[in-house]
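Q: Residue strings, one per chain:
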Amino acid sequence: MVEKHLLVSRIEKGTVIDHIPAGRALAVLKLLGITGREGYRVALVMNVESGRLGKKDIVKIEGVYVDEEHAKKIALVAPEATLNRIENYVVVSKKKLEPPEELEGTLTCTNPTCITRKPREPVTPRFYRVRGKKLRYQCIYCSTIISEEEIVRQLAGEHV
Amino acid sequence: MHGSWKGRDVISILDFSRDDLDALYYLADKYLEKIQNATPLRTLEGFVISLAFFEPSTRTRMSFETAAKRLGAGVIGFTAAAGTSLEKGESYADTIRMLDGYSDLIVLRHKYEGAARFAAEIAKHPVVNGGDGKQHHPTQAFIDLYTIRRLKERLEGLNIGVLGDLRYGRAANSFILGTALYRTNTLYLISPPQLRMRDETRIILEDLGVRFYETESLEDVVSDLDVLYVTRIQKERFPDLSEYEKVKGSYRVTRRLLETRAKPDLIVMHPLPRVDEISYDVDDTRYQAYFKQAYYGVPVRMAVLSLVLGKEG
Numbered sequence: 001m002v003e004k005h006l007l008v009s010r011i012e013k014g015t016v017i018d019h020i021p022a023g024r025a026l027a028v029l030k031l032l033g034i035t036g037r038e039g040y041r042v043a044l045v046m047n048v049e050s051g052r053l054g055k056k057d058i059v060k061i062e063g064v065y066v067d068e069e070h071a072k073k074i075a076l077v078a079p080e081a082t083l084n085r086i087e088n089y090v091v092v093s094k095k096k097l098e099p100p101e102e103l104e105g106t107l108t109c110t111n112p113t114c115i116t117r118k119p120r121e122p123v124t125p126r127f128y129r130v131r132g133k134k135l136r137y138q139c140i141y142c143s144t145i146i147s148e149e150e151i152v153r154q155l156a157g158e159h160v
Numbered sequence: 001m002h003g004s005w006k007g008r009d010v011i012s013i014l015d016f017s018r019d020d021l022d023a024l025y026y027l028a029d030k031y032l033e034k035i036q037n038a039t040p041l042r043t044l045e046g047f048v049i050s051l052a053f054f055e056p057s058t059r060t061r062m063s064f065e066t067a068a069k070r071l072g073a074g075v076i077g078f079t080a081a082a083g084t085s086l087e088k089g090e091s092y093a094d095t096i097r098m099l100d101g102y103s104d105l106i107v108l109r110h111k112y113e114g115a116a117r118f119a120a121e122i123a124k125h126p127v128v129n130g131g132d133g134k135q136h137h138p139t140q141a142f143i144d145l146y147t148i149r150r151l152k153e154r155l156e157g158l159n160i161g162v163l164g165d166l167r168y169g170r171a172a173n174s175f176i177l178g179t180a181l182y183r184t185n186t187l188y189l190i191s192p193p194q195l196r197m198r199d200e201t202r203i204i205l206e207d208l209g210v211r212f213y214e215t216e217s218l219e220d221v222v223s224d225l226d227v228l229y230v231t232r233i234q235k236e237r238f239p240d241l242s243e244y245e246k247v248k249g250s251y252r253v254t255r256r257l258l259e260t261r262a263k264p265d266l267i268v269m270h271p272l273p274r275v276d277e278i279s280y281d282v283d284d285t286r287y288q289a290y291f292k293q294a295y296y297g298v299p300v301r302m303a304v305l306s307l308v309l310g311k312e313g
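Read top to bottom, the protein sequences are chains A and B.
1 is the number of the first residue of the first sequence in this note's numbering; add one for each residue after it.
1 is the number of the first residue of the second sequence in this note's numbering; add one for each residue after it.
Since the hints were made in silico from the structure, they are not lab data.
Since the model is a prediction, treat every value here as computed from it, not as a measurement.
From the three backbone atoms N, C-alpha and C, an ideal C-beta is built for every residue, glycine too.
There may be inaccurate statements among the hints.
[As the list claims (entries may be wrong)] Pulled a few chain B residues facing chain A out of the computed Cβ check, cut under 8 Å:
1. S91
2. A93
3. Y112
4. E113
5. G114
6. R117
7. F118
8. G133
9. E200
[Stated by the list, open to error] With a straight-line cut-off of 35 Å between C-alpha atoms, the simulated DSBU-like cross-links for lysine-lysine are:
10. B:K152 to B:K124
11. A:K118 to B:K248
12. A:K72 to B:K111
13. B:K235 to B:K134
14. A:K133 to B:K111
[As the list claims (entries may be wrong)] In silico negatives: residues of chain A with every beta carbon more than 10 Å from chain B:
15. T82
16. E98
17. E148
Input sequences plus hints: build the corresponding full structure.
A: See below:
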């Protein structure tokens, strides 16, 4: 029923985001601000086999290129993803995303008694990446560790 | 020689090396002798130290105040936010800026974790953390390690037990991190399951390659210990009071337990205040080290103040 090699057709120009963890494609679209009402041709492939991840999602968007700022955010919900720029049906550049070592302001500390949660204080939440296989960040003020699930929840909301 | 301390903020014991601590202990020894000989000191004459205790404190505040006065420094400050402009709605950041303008060093305690690090970012003068929420209490850990060093004459190769609230207790947390700086033989972490150390502390111990063993039973491990560090298990940490009633007896250190199970040279420590986790009949045994530990608070904090202000001597 399904074509083995190519689940959806190739795009002429735009972006293919590959190696998204299974089930996170909607989170990636949300971070890109794509709702479907913009009129872009978007293909979403979810839970397909992947050598590296076991299962993965893929997002293809015609006519859209991802800038640095969005790429940084996508790296937080899809730390292993690759960003492919397509021109004339051909991949012209391929970029492996890398979650940043430090974050400033992107996340909120989950500890309700962290100084960054105190109302009316001029302090921006800052985090360091914790070494290890799983993506985790640690608050520089209170040392609380933010899990990957929490990062996705904060950036893309509960429903994804 | 002690150049690495001058002007530094004291936020977490993890910011310090063993060399830094050796310099601290060396000076604390000197100050201890001066105290015992009642030698007046003018080391910090002309300096003003702020003691900003946004959360109540007896021992920490008084020992810092004593330390400052014994070195000849002036002291300003407050205990608890009541009665300050914070009640009128002034931000914490603004209060810190004001204290920074008035004094040469700020000692502070606050119920929010990270309050000391944030203050250090704002203040031009050094900030010394006197306890931030459940996170750090570095000068208490300095005192605890100094006590072990004085009573056991070494900090390495010991079996150290930490008992009580390892999850929310800042003294226990800082002590655990402090022992990780030394080649402790085994660290026994003794607590009910809901009060085990937090993940962020566990990661550090694993990174530093500390051999630790988590257990719920004091009785099972007490005979292995050279040092037993006791902290209070607070009732309010238990959602169900009957759970608390069930466990509280098993974390009580008694003379009988020590005399029947412990090594004869075990020392029992406690950052104080104690409620009933160490029974009074331990006070006049050879195991008791908690009153000495409290006594060392002043010389160690004298050493902290003078090193940070670059005026040791």
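Q: Of all the hints numbered above, which does this structure not satisfy? Sort the numbers upward.
A: 10
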